[in-house]
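> With the hints as constraints, model all of the structure from the sequences given.
Going line by line, the protein sequences match chains A, B and C.
If you read the first sequence in numbering that gives the first Met the number 0, its first letter stands for residue 0, the second for the next number, and so on.
If you read the second sequence in numbering that gives the first Met the number 0, its first letter stands for residue 0, the second for the next number, and so on.
If you read the third sequence in numbering that gives the first Met the number 0, its first letter stands for residue 0, the second for the next number, and so on.
Please keep in mind that the hints were generated in silico from the structure rather than gathered at the bench.
Hints may contain errors.
Straight line, CA to CA, 16 Å or less: simulated EDC-like cross-link-like pairs of lysine to aspartate or glutamate [stated by the list, open to error]:
hint, chain 1, residue 1, chain 2, residue 2
1, A, Lys272, B, Asp251
2, A, Lys39, A, Glu208
3, A, Lys182, A, Asp232
4, A, Lys34, A, Asp136
5, B, Lys105, B, Asp127
6, B, Lys126, B, Glu141
7, B, Lys307, A, Glu101
8, B, Lys364, C, Glu238
9, A, Lys215, A, Glu254
10, A, Lys272, A, Asp169
11, C, Lys30, A, Asp169
12, B, Lys112, B, Asp149
13, B, Lys316, A, Asp103
14, A, Lys246, A, Asp224
15, B, Lys316, A, Glu101
16, B, Lys183, B, Glu218
17, B, Lys105, B, Glu66
18, B, Lys133, B, Glu101
What follows is the residue order along each chain.
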Amino acid sequence: MTITRRHFLKAASAGGAAATVALATPAPAEARTNKLMPPKALGLLFDATLCIGCKACVAACKQANGMPQEVSTPERLWDTPLDISGKTLNVIKVYQHGTNAEKDRETNGFAFVKKSCLHCVDPSCVSACPVSAMTKDPETGIVSYDKDACIGCRYCVAACPFGVPRFQYDTATPQIQKCQLCKHRMPEGKFAACAEVCPTGATLYGPVEALKAEAKRRLAMKEGDEAVFARGDIRTPYAPHVRPAAKYLQRIYGETEIGGTQMLLLSGVAFAKLGYPDLPAQSYASRSETVQSTLYGGMVAPLVALGGLIWAVRRTTKNGEAGE
Amino acid sequence: MHQDPISTLEAKLGVSRRSFLQFCTALAATMGLPKGADAQIAQALAGAAKRPSVIWLHFQECTGCTESLLRAEHPTLEKLILEIISLDYHESLFAAAGHQAEAARKAAMEANKGKYVLVVEGAIPTKDGGIYCKIGGHTAMELTKECAADAAAIIAIGSCASWGGMPSTPPNPTGAAGVNAIVKDKPVVTIPGCPPNPYNFLATVAHFLTFGKLPAIDEKGRPLFAYSRLIHENCERRAHFDAGRFANEFGDEGHRKGYCLYKLGCKGPETYANCPSILFGDVGSGSWPVGTGHPCVGCTEQGIGFAKPIHALADLKNTYPPASYPRIVEDQGQGLSFGSAALVAGIAGAAAGAGAMLARNLGRKDDESDKA
Amino acid sequence: MKAQPIGGRVVTPVTLLLGLLVAIALYLLGKRFLLGLGAVTNINDGFPWGLWIAWDVVIGTALACGGYAMALLVYVANKGHYHPLVRPALLASVFGYSLGGLSVIFDLGRWWNAWHIFAPAYIQWGSVMVEVALCIAAYVVVLWIEFLPTLFERLGMTDARAKLDKALFVIIALGILLPTMHQSSLGSLLVVFGYQIHPLWQSNQLLPLLFLISAIGMGFSVVVFEACLSSVGFQRPLEVPILERLAGILVWLLVAFLVLRFLDLAVRGAVGAMFASGALSFWFWLETVLFALPVVLLFKPQARARRQALFLAATAMLLAGALYRINAFLIGYETGPGWHYFPALSEVLVTVGIVALEILAYIVFVRKLPVLPRAH
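Following this line, the structure appears as structure tokens:
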């Protein structure tokens, strides 16, 4: 007997019962949309045009979170992390081009940018984590990590579109490390250490709504006009920083990217050049969970498939032809 | 018998040969001149046939520049420089006064026409015809123009003479301006600072005496040897800036520990001067504003000193970002290594070989069954 | 056609060598548990999943889909004549999945918490990994139950055998459902990676289906491959007529796969990317050629009777499926520029040790237990 197309199709249609039931059932009603920002969401506004690259935030972050030194220079004198890592939650990076003649200019210029957790509104890491070790606070929206739940699978590390959660590869008891917006300092009445120490107000802390309004105010400013920039916490700012407004790119990064983030960024240089990729508005978490809920929503499809399979196997094993 | 000019000087001034040569070396070092220049300077200062004439004008100022100059100690300057140069007119140091003094100025200008050095201290008021500063019935503007006309070199000492300095602080009621605003047809060397470091002035004069020309200057007339680098670049507290350690207020822990003063308004990052390198007042290490715990106020920088509030943050003027900064893209992770590549290749090769043998073996069986 | 142990010595130069490789892997794993993953592997934050996940788990379980594919054919499509192939396929699946599941533990940073994935208090149901982990774990249990009749037979436990037989149909049904679920979900794992997976491999809707079809294809191929291997290794005749029919199924499965794959690429507008992606284009076309090779080799029904063609086609399919997974998980994955990864020597040696253990166990089992069909 040779296999004909007919035989194959028959076999495939029967054999792939589970697959076809599960995969071909369109269920648009179950499609999960982007999650929404918690009303009291807290976050950061990073304005690259104000950042002078002093690394005060890097040092303060280390201190506030009790993280160890990370050296990258031959003399091994200072904490000089090259990137965020299992030992560093926050880093300032430099963009350089050509002669580096002017700050915040794309050609022949340079710019500083902060890299730390963006606290997505609909985070991929939370969606990826199988054991609820990554959670998003329903009130503040802070994405935090629970080492006691974590199994160390690093799905969050791989899933994050910004490469933020980092793993410790050099210990027998590793943890994931990421910025948690200094939530451990909140009971003491303190806020994010990076914003607290920022001398220029480049990193500003506060409710995301207020930060977004502030970002819009800055985008509306005329280049060169004297402008006032709040420092610290936008609700209770320190003495302001007064200086001429820079030339802004008319875009707030994090406003729409993968459903929005609670850290917003302003810059004079294209974000893609600063390591912040152009991302769609639909969150990857919602895409993934739509696929999953389409296939496994209420376990309906798998149970139907199991019923079919039990029937089919019973039939074949009963007639003795294929019985064990 | 011909006597060594330095020995003559030794006798004349009562300065030891050793301290004189030390002084010359210090000046050469201030200017960043190569080895051997100290000897040249020594020869030029000690051996000048005729002391060059210097005319020193005072306008809107506090005489702080002169005062600080007098307190230079390597060795005492009033002895040394004032004997080397012929200070033919200086209102503060002159014994003479009134018409006598003015006559001395006129005489010196006449006698040294085209050869004298003009030093201006203090801002020049320009509003209302310059009436806000008059000496001997002449406005500062007139005096400057008159003296500049036949000067071999013009040096504006202090921030006031350099661009207007403190008197020009908005709203600037007298229209105070620097020498540059009055003398436009000749190069003016400016030695800004409030007061300027005396060695920057002395080095400029020594350079003129030694090489017959003024040192190289920037677009604001400042000698490059002293003003080509930001204070921030050589600051002894720079390591704290790079590590993000700041004093947040006067007297706090960071301040006591000697952290960076940027957050207190230090203008080091936008002020060009060599203060952190040569310090001030000849009293040893730490003897300059930042060294004593006060933020730099930017006195050598037009638009910063006397213009920007002391507590206001500086705008960083680094023309280059620091070299040791993490870049947006850093190479990370371990790529191909010889050992693992060899092992993977070995496994792949062995598997391919075994597969080929197996395929041949099976092919032979195919042929056998074909025959059967 | 009853199965029987093929007998013979267990301690041979081949098994000794395999034992040595296992010992090396054990030493390296000891190091990993004492000093951390970085001491043995090259994985990093740019490639948090390396060889151990891509090969040991993703490819390893796909290679172990022989039992699943055959069960699909025998019990669902009611093709009883394939039955002699079920037991050897099942055995390979038992080892493949057990070791795949075990190697996950090596890769887990906080392995002592691994039980959380089965504890409802911890489970996060939106995670694709939950589905994969639960199904694989359940399937390992199911596979061992499915394999029990072989053990009972060997031990002469006819009563137990008879009792098990009565309930076995439920287990078999589960043994078909579970791989369907997790083999497709291994593809869904990538959806949340978004742009980090190159457009040549990222696809929201079809990833599960493409992974499933290729896993079934690998299942069929591994049966053919193993049959060829053991026919040479144990000097046994090859069940050519059965394999011939299997080959026919494989051809049509692959045609379906390729049609879906290219339709998906076209719909997503990734046609240009096939040619304009530099090194990635090369890997894409190598993978595609490998997928197409079995179709070419076995398209004519006469060719399917030739052992050589069967072997080469099965090998090509296995390589294709493996490369598809490596491409999707490693080569086509980029979390940002600047990251490098190539497995460390010690990392590869652990994988080699796991494969060695698998082969070793297979050899011991077929010599001692009634797995392979009685020779004619």
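> Each of the hints needs a verdict: does it hold here or not?
Outcome of the hint check:
1. A:Lys272 - B:Asp251: Cα-Cα ~39 Å, so violated.
2. A:Lys39 - A:Glu208: holds (8 Å)
3. A:Lys182 - A:Asp232: Cα-Cα ~14 Å, so holds.
4. A:Lys34 - A:Asp136: The given pair, whose Cα atoms are some 13 Å apart, holds under the 16 Å limit.
5. B:Lys105 - B:Asp127: Measuring from Cα to Cα gives roughly 26 Å; hence the hint is violated.
6. B:Lys126 - B:Glu141: holds (13 Å)
7. B:Lys307 - A:Glu101: violated (22 Å)
8. B:Lys364 - C:Glu238: Distance of about 13 Å is within 16 Å: holds.
9. A:Lys215 - A:Glu254: holds (11 Å)
10. A:Lys272 - A:Asp169: Given that 16 Å is the threshold and the Cα spacing comes to 31 Å, the pair is violated.
11. C:Lys30 - A:Asp169: holds (11 Å)
12. B:Lys112 - B:Asp149: Roughly 6 Å between the alpha carbons, so the hint for Lys112 of chain B and Asp149 of chain B holds.
13. B:Lys316 - A:Asp103: holds (13 Å)
14. A:Lys246 - A:Asp224: holds (10 Å)
15. B:Lys316 - A:Glu101: Holds. Lys316 of chain B to Glu101 of chain A sits at ~9 Å (cutoff 16 Å).
16. B:Lys183 - B:Glu218: holds (13 Å)
17. B:Lys105 - B:Glu66: Measuring from Cα to Cα gives roughly 25 Å; hence the hint is violated.
18. B:Lys133 - B:Glu101: Measuring from Cα to Cα gives roughly 13 Å; hence the hint holds.
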